[in-house]
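Q: Chain by chain, the residues:
2 protein chains.
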Amino acid sequence: MPEIRVGLIGFGTVGAGTVEALFKNRELIEDRVGAAIVLKKIADLDTETDRGIQVDSTLLTTDAMEIIDDPEIDVVLELMGGCDKAREFITMAMERGKHVVTANKALIAQHGKELFETAARCGVDIAFEASVGGGIPIIRAMREGLAANQIEAVLAILNGTSNYILTRMTQEGLSFDEALALARRLGYAEADATLDIDGSDAAHKLTIIVSLVFGHPCTYEDVYKEGIDNISPEDIRFAGEFGYCVKLLAIARQVDGQIEARLHPAFVPLDHILANVNEAYNAVYIEGDFVGPTLFYGLGAGRRPTGSAVVSDLMDIARNHIKGISRRVSPLSFARSPARELSLRPMDQVSTDYYFRFSAVDRPGVLSKISGVLGENNISIASVIQKKRGARGSVPVVMLTHEAKESDVRKSLKIIDQMDVVVEKTVLYRVERKTGI
Amino acid sequence: MPEIRVGLIGFGTVGAGTVEALFKNRELIEDRVGAAIVLKKIADLDTETDRGIQVDSTLLTTDAMEIIDDPEIDVVLELMGGCDKAREFITMAMERGKHVVTANKALIAQHGKELFETAARCGVDIAFEASVGGGIPIIRAMREGLAANQIEAVLAILNGTSNYILTRMTQEGLSFDEALALARRLGYAEADATLDIDGSDAAHKLTIIVSLVFGHPCTYEDVYKEGIDNISPEDIRFAGEFGYCVKLLAIARQVDGQIEARLHPAFVPLDHILANVNEAYNAVYIEGDFVGPTLFYGLGAGRRPTGSAVVSDLMDIARNHIKGISRRVSPLSFARSPARELSLRPMDQVSTDYYFRFSAVDRPGVLSKISGVLGENNISIASVIQKKRGARGSVPVVMLTHEAKESDVRKSLKIIDQMDVVVEKTVLYRVERKTGI
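Taken in sequence, the protein lines are chains A and B. Every letter in the first sequence is one number past the one before it in numbering that gives the first Met the number 0, and letter 405, counting from 1, is 404. Every letter in the second sequence is one number past the one before it in numbering that gives the first Met the number 0, and letter 339, counting from 1, is 338.
Bound-form chain A, shown alone (with noise of 0.2 angstroms):
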């Protein structure tokens, strides 16, 4: 049988759960590559400590060098993290002639072109399918699956950190504070959870989705992101008045031949199948022309689904090995650079609806003040709900409008929140529509 050789620098979480997978389905692994998947070597700086993972001692070093300069290995698995080292050693080891996977979306998101024209010149595959969505086969969907298609539009949820904790304000009603610290507890959420909250990682992903849909690698500078971190449990209910829900969104959509790329929380409504993806899953919905609306969704982290991705991806360049081939598919999906440039649409300009909550004095007039200034500015309203007087004597008017553009509503709300009958900033949130899907 023919073997194929690794060396795995980074035995963090990742490492051990993608040693297990090759340890504990091995025969399956070979019984379906037609080669055996020799691991032989782990570099990490820390070599002691347990992770709950037998690995023969002589297996690990300190010094990845010893992998990154090994003839034998073939493929080398940079699951450290991080971006300067981890850009290095991959740029070494695809320069010796071996093939990289990598879990490392900050990487691809950040430095993905430089990698991707590295691994071109070296005429070796570097794959990434752990980079976005963990366990969920999406890269392999958005490259192979639906390639006969233009995907029109892909709504995310990418971070299972976020998504468990807006599943908890929604179904108990917790404060973002009280579900970031129960996300904690359960051990959904790190003791810095500031890349989960802020969007970051999200952004990231996003990055490489937006690079995948359109063949051109975007750059995670030109994605439009905001976290979760201002939701509150008021929004979430009036949200849930309107027959929607508030979830963390990335959203990659072809509009006018250019491209929308944000991040940021927004009304979903109900009946969509996102929707219904909560707790730390995550679930990527993508239309394309042809094959219409789909949705993969799993789990997006974790020591196990990350693992199934990485090794996903060393049986796929096996495969290539075997047959004596790299390069099968290049890293975005093009044999050649698509015609048409990537034009990214800048937030200002994007179109959507809109949800506002209004903190306006109790007086008569007030409503009318404030939608003469959205008419003025091309926002027309399509429903309304304001409540009884609030706490500090203001009330919250909410509503949502039809289609608007968001320089129009910046401007609006400028003007809004300098009135002497609004008490404080309001909070906007953006609304993807009924669908009916």
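For the record, the hints were derived by calculation from the structure and aren't laboratory data. Wrong hints could be hidden among the right ones.
Pairs count within a copy or across copies, as identical chains cannot be separated in the list.
[To be verified] Straight-line distance between alpha carbons at most 30 angstroms, and here's what the computed DSS-like set of lysine-lysine pairs gives:
(1) Lys112 to Lys322
(2) Lys112 to Lys23
(3) Lys413 to Lys386
(4) Lys410 to Lys386
(5) Lys424 to Lys224
(6) Lys224 to Lys112
(7) Lys424 to Lys413
(8) Lys322 to Lys39
These numbers come from a predicted model, not from an experiment.
Position chain B relative to chain A; hints supplied.
A: Only chain B this time, still in chain A's reference frame:
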């Protein structure tokens, strides 16, 4: 640019959708694959009917042999349906060194073993993504994306017509006949919807899924099958009272080294993601030992979704062709036959939870008699609803059981249905337990 030449046999709905995708997205497909996919010939007995797509009349022929015998054609698309002729054409095409793409679930379910052997002997690929789940890239997910996993369970909604009918019965309380008539009127059901309703269509797809999960061709006859024609709105209402909905579910599950393969209406917990798969959508829920629970959702039929799947297979073969390889992944994703044999569990050995609706005379002690028989046969009751007297002087007694064995259930119901206090045949549904997912 390299070329790959294609012949299409069967210019019906799926054929037209395939041609439409190849034409409309030609540039995208060429950019992705790096080769031109050239449609060289289309064979159909009917070359007159307008398929809503402009095709050069010189491409058309009534003689499939013109394609099969054309040495310039690399890939044959078999989209004619039916078994005998299709099997003959595919076999001849493979024997002439051509790869085959088919959407023919009945053919793969009934003759997969033989066709896969022929493909292996001839060194060609046979691809069938379109045969299960329409546009959903589920075969690819099982063969590649989740390849690192032992698949522990598959629960799937695989027939759009049935799901549409059940959705209308559930949401609007229609009878089966009313919902079927509506489905016909709106084009969700053919004039003869027998194969959809009696479960044959979904059972074919389940046969293919079981084969993929375990790497051995499963035989259609081995799959247990019940359709939806006996479902009553009354049971759907009771299901709702217990917190369930009714779906036509294809189930493949590993239990004690054996495999359950069954297709029947089942109670699905309302908080399960599958309970939210409505209208004509299909969905495949897969649990792997590493990936955990996943769901793949989309349109399981129709011209364009199925065309999307056929063209994705074609692009896959084209990507191999350019690299000068074939059979990179074998049809069932196993390079060598798994050591473990496929052992299907007979239906009467299956254990699951049950729902019963007894039609009993309204007399004291009836429930005690019924539950006595159940108890003697190792069936314990989880909850009971007893309603008021029905129209014919009988009362429905409905209950959910704890896990019980199918053979015990059949034995009990045989006894109960002969009791003089029981006036109609007892209705039985199998229940998927609440999973919290």
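Q: Each hint needs a verdict: does it hold in this structure or not?
A: Structure-based check of all given hints:
For the identical chains of this complex, Lys112 and Lys322 are neighbours both inside a copy (27 angstroms) and across copies (24 angstroms), given an alpha-carbon limit of 30 angstroms. Taking the shortest Cα distances, Lys112 and Lys23 sit within 30 angstroms of each other only across copies (29 angstroms), while inside one copy they are farther apart (35 angstroms). Taking identical chains as interchangeable, the C-alpha atoms of Lys413 and Lys386 lie at most 30 angstroms apart only when both belong to the same chain, with a minimum of 23 angstroms there against 60 angstroms between chains. In the homo-oligomer, the alpha carbons of Lys410 and Lys386 lie at most 30 angstroms apart inside one protomer (25 angstroms), although the nearest pairing across protomers, at 61 angstroms, exceeds that limit.
For the identical chains of this complex, Lys424 and Lys224 are intra-copy neighbours only, at 20 angstroms inside a copy versus 60 angstroms across copies, given an alpha-carbon limit of 30 angstroms. Taking the shortest Cα distances, Lys224 and Lys112 sit within 30 angstroms of each other inside one copy (21 angstroms), while across copies they are farther apart (51 angstroms). Taking the shortest Cα distances, Lys424 and Lys413 sit within 30 angstroms of each other inside one copy (9 angstroms), while across copies they are farther apart (70 angstroms). For the identical chains of this complex, Lys322 and Lys39 are neighbours both inside a copy (22 angstroms) and across copies (29 angstroms), given an alpha-carbon limit of 30 angstroms.
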